[in-house]
Amino acid sequence: MALLAGACDLRRAAVLDPKGPVALAERDLLFDAFSVMMIVIVPVIILTLWFAWRYRASNTNAQYAPAWANSAKIDAVVWLIPAAIVIALGVLLWRSTYKLDPYRPLEAAGAPLEVQVVAQDWKWLFIYPEQGIAVVNQLAFPAGRPVSLRITSDTVMNSFYVPQLAGQIYAMAGMQTRLQLLADQPGKFVGRNSQYSGGGYSDQHFEVVSLSAGDFDAWVAKAKQAPGRLDATTYPAQAAKSRAVPITYYSVVEPDLYNRIIDKYRHAGHAHTPSQGQGAGAPARR
Amino acid sequence: MSVMHLSEHEREELETREQRALGFWLYLMGDAVIFALLFATYAIMIPGTAGGPTGKQLFNLNNAALETALLLVSSLTFGFASLSVQAGNRKAVLGWLGVTFVLGAGFIFLELREFAGLIAQGAGPDRSGFLSAFFTLVGTHGVHVSMGLLWIVILGAQVAVKGLTAPVASRLFRLGLFWHFLDIAWVGIFSIVYLPGLL
Amino acid sequence: MFGKLTIEALPLYSAIAAGGAAVTVGGALLVAIVLTWLKAWKYLWTDWLTSVDHKRIGVMYIVLALIMLLRGFVDAIMMRAQQATALDAGGYLPPEHFDQIFSSHGTIMIFFMAMPFMTGLINLIMPLQIGTRDVAFPWLNAVSLWLSAAGAGLVMVSLVIGKFSTAGWTGYPPYSGIDYNPGVGVDYWIWAILISGVGSTMSGINFIVTILKRRAPGMTLMRMTPFTWTALCASVLMAFAFPAITVACGLLALDRLFGMHFFTNAHGGNMMNYANLFWIWGHPEVYILILPAFGIFSEVVATFSKKRLFGYESLVYATAAIAILSFTVWLHHFFTMGSSANVNAFFGVTTMVIAVPTGVKVFNWLLTMYRGRIDFHPSMMWSIGFMVTFVIGGMTGVLLAIPPADFLMHNTTFLVAHFHNMIIPGVLFGYLAGYMFWFPKAFGFELNRGWGLASFWCWLIGFYLAFMPLYLLGLKGMPRRMETYNDPTWQPYLMVAAAGAVVVLFGIASMVMQLYVSIRDRRLTADRTGDPFDGRTLEWSTSSPPPPYNFAVIPTVSDREPFLVAKKDGTAYQRPASYTPISIPSNTPAGVVLGIFAFVLGFAIIWHIWWLVAVSAIVMFTTVITRSSDDHAEFTLSAGEVKRIEDERFRELGRRA
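Here the protein sequences line up with chains C, P and H, keeping their order. Quick note on numbering: the first sequence equals residues 1 to 286 in the working numbering. Quick note on numbering: the second sequence equals residues 287 to 485 in the working numbering. Quick note on numbering: the third sequence equals residues 486 to 1142 in the working numbering.
If you're looking for bench data, these hints aren't it; they were derived computationally from the structure. Think of the CB as a built atom: it goes at the ideal place given N, C-alpha and C, for glycine as much as any other residue. Relax, there's no trap hidden among the hints.
Label-pair ranges, simulated between beta-carbon atoms:
1. P:Pro-482 to H:Ser-1113: 35 to 45 Å
2. P:Leu-463 to C:Arg-104: 43 to 53 Å
3. P:Glu-301 to H:Val-548: 23 to 33 Å
On the chain C side, residues computed to face chain H include the following (Cβ under 10 Å):
4. Leu-10
5. Leu-30
6. Ala-244
Let's have the full structure, built from the sequences with the hints guiding it.
Below you can see the structure in the form of structure tokens.
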């Protein structure tokens, strides 16, 4: 019974139960690679146990060949099997890494909805530049329409993580990373920060909702009714350290707020142009 | 001289010396990794001036050229000291070590003067990521040179007191490796940090 | 006068933290009292602390590792207990305490458990296997040991004075920077690692020179034991990878001490550079730890299958290939930092390529068992348990090497389960196999088999119970390092994981019992021949424990398994016509003094007590200069004394026959 309950529970596990094409492709990759590797993992486990039992010291019926230590044929097989598997997986890896590059716009109908994401201590701010609204700890969008995220941090490094829709990417101050997602159906999902960021980290989750087109318009209209406004004067209070913050809407957002949050660190700091690669090996790109 | 003709004791001494030389080479290679990573960090941080001064505005090529000259000549004078060790000329060894020390100390003086000047005009290591990387790269080399100076003094004293015994000669050999290594590191600094200001 | 240090530094902020401090202080006091009661201080000082004998240094490294294993495990079981009960802000630990625990657990297990365990085993066995009398630089060896101990001491002291880092064992900035972490915790972490890292670099150099220059005549590279090969490759990685963490932590220290901007958010800092520097060390580090364990498995599987190791050449080439490739994969630790598809794909492929030589090794062990006569000694059981479990970890590792799959699994408990799956069955099982295999060599009596097997089964079952649920929780999207959570479906898995930790606790208790029972029965299980397991290589040809000079006559080698061949030829245990005097490095307090003052230096920097920094630096300089100017750092054992020791050994052998 417990096993059955566990199996049912796992069928709904976030990673195994994707709700959009990006997470689905990533999960299928996981399944494909897993299956290919079973070709070698299962025999190795069985052989280990079988050899251990068969050649136990007390079993004097088994053959004993104390000096047998070389075989060119076996050596070749032993190198070639893992190599063949790795070549197969390498091709899979190479193709999928390009296809699922989080910077690459999704090939789906319709212009993507642009959302700007700011990691804060310990909450997430979502700015909708087209709609002119902002919301804390809730990311809403129409189902079936691609969502294009621009992500930064106004604090330490965070990782923006929505397992059922898009996987994750780091959020870093003074820099911008990207992520694309798409939900097939309306629904509610969980988003989190997965990079430890201090005392309020455990509560730093947010609600992800995909809505029908009509519901999304209603959601925007509701946000536009909210009393809060976000601009240079109100932003510091909003960004200050706080934990387990309830969903909060801002009806008006200063248009350039997101870029200011990034530039705050650049002007005091970086003279880099945003598009320029900065890290040894790990440039954050526009 | 083949190893066969050595006494047990001499053979052990030769082996010890060889092992120490290899160990020291390995240490220098590890140190080279540190310098390589500091060079890479510097290169990454060149744009990180945070609105502060750039290398072009700050660095004085004449000073760096003079530092280069002092260090290169000191490598030469250390070479003479090494030759004198082989010749068994204790006085010459001490003399050349002395000259090397003075040249190295001159280098450190110029470097400290440059650092002091930069800090005085508000371009200290806490001004920007770029300057942090500059001070750390060049300063790490400077700390190495200072350690080399201390080592010259210690081995000079050993030469004066113990004479050019086998252990002392073996230590002088390793000091030589260290000193020439610092030259190579400096050539890297000169070409990567100071020269680009000209271009 | 005392810098930032005030009475506030005592851990009175929580009862649990104060309890931890009390246990630490009480434990130290208890050891001191027992030593005084046994009047053992002088013996401890002259025979152990000041020793430069590689075997004693090896034993002291392993003692350090086992003590730190206990401490690291206490952290582990506290975390499991917290998460098992932490639904909806439950649990018993406040976040700032939980965060210190996961940081110290990782730091201790990698730097102060696994590293000393590995260095200790290499120290203890490798010189015996290559037929030499000591490592190339015996004094430097002692310095390495005491610098490691100084680092471990700093981590332990942070329990009592101040707090430890909350930034995890990787200490990523900007969180670990002074702007977000103004306390002393991160400084404890930095200086513990910097100080012990210097020791590890020097150990690496020491082992490389020893293996390349001090092998017995006839022992060509391709006649070295697999353990020596893996020790050589691991040492090369130690010598050239540790400088990278020295740079990473050093620059972070400069940021924190002098307001520099290497990794800060603003002012031109670049945190991504830290991630690169850290993992340029961090990935080779994984192989530094696991290669020697592979070497141990190779020796153990051959010895207890009573069969020559299959595919020696393959195994050697695989080891060297892994060592080289380990420098080309570091970016797979942060595929999610936004690198281009080109970069991610490149590092993904190099990571997969490493799986090839690793797979080859597994097949070699498998084929060594094939047509053998397997004795299920605990060491062999650790090896079999390893082979079955390790391939699962290898498989999940390849999954994580695919960048888009990593986007789903990174930073989740799946990742936590993966690296524990490599490090517990891979690294730790290997070291424990080595511990139970070579214990009689070090002490002259065997470890109890029954308790050894009990320990193995508890560890193995405990491991599966503790980490399989974490794989599944990762699939359910649970991030690592959560102090509380609000998803009730996670809790059953976390309870199973906590039960697994309890089973591992029984495994550790069995190890303690094993040690107790074995010491109690040491006369019954004394190893008088020096060769309790029908050994194949040179370490078994000398007595247990070996004399200070290891071999009265340096052996000449003509095979990969020289001692087995000698036993077959009847040339083993032959007395030479005469003995010659042997010179042996003298003991010196310089190593332990350097360690003590390195500890003081670190402590003083952490608390900004600048005068003490100056004092300890001067003492350290003076010690190094004095000792390295000493031309007569050895004494000679006369031929007569050597003869006396050897006569005793042959009497023992005769009594047994």
